[in-house]
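Engineer: To convert, take the position in the sequence shown, counting from 1, and add 44; that gives the numbering used here.
Don't take each hint at face value.
To be verified - In the DSSO-like style, the derived pairs of lysine-lysine whose C-alpha atoms are separated by at most 30 Å in a straight line are:
#  : residue 1 : residue 2
1  : 120       : 60
2  : 129       : 167
3  : 129       : 60
4  : 120       : 168
5  : 168       : 129
6  : 60        : 110
7  : 120       : 167
8  : 167       : 60
9  : 110       : 120
10 : 167       : 110
11 : 60        : 168
12 : 110       : 129
13 : 110       : 168
Calculated from the structure, these hints are not laboratory results.
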Amino acid sequence: MAVYMGDNPEEARATKILAACTLIPVLCGAFQDLGSKFGGMYWLTTGYFVWPFMIAPVAFLVLFIKHRELIRNPQKGAHFAQTIKMASGLFLFLNVIAIAYSWLAVISVLSALTILVASRRLKKQASA
45 MAVYMGDNPE
55 EARATKILAA
65 CTLIPVLCGA
75 FQDLGSKFGG
85 MYWLTTGYFV
95 WPFMIAPVAF
105 LVLFIKHREL
115 IRNPQKGAHF
125 AQTIKMASGL
135 FLFLNVIAIA
145 YSWLAVISVL
155 SALTILVASR
165 RLKKQASA
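Take the sequences, apply the hints, and build the full model.
Structural biologist: Here is the structure:
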């Protein structure tokens, strides 16, 4: 099944990077769970699972800042704007839980909140 990434090559590239930043933590979590339970790899710690989830929202924020023009112009990057907000919301929930593991997760929570709030403000500025 193919995913439609829009006609804009900049949006397609940004969406691919966002997909990679989203899938890598999920794959690390799956590998940690399967490897430690069934593979006998006890060196796969909880940190191996949590840190990629804490780093991803910071990568989202960098991607958001770099491609903020796609957020401002809905005709140019509507799919990217919706996708980054959805990914940030999901990772926000996981990072609120990760605060119990490390206080550094607060940085990730703030990054995800920044994306959710700033995207709305950028759209309001563009329409005004």
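Engineer: For each hint given before, does the structure comply? Return the numbers of the non-compliant ones in rising order.
Structural biologist: none
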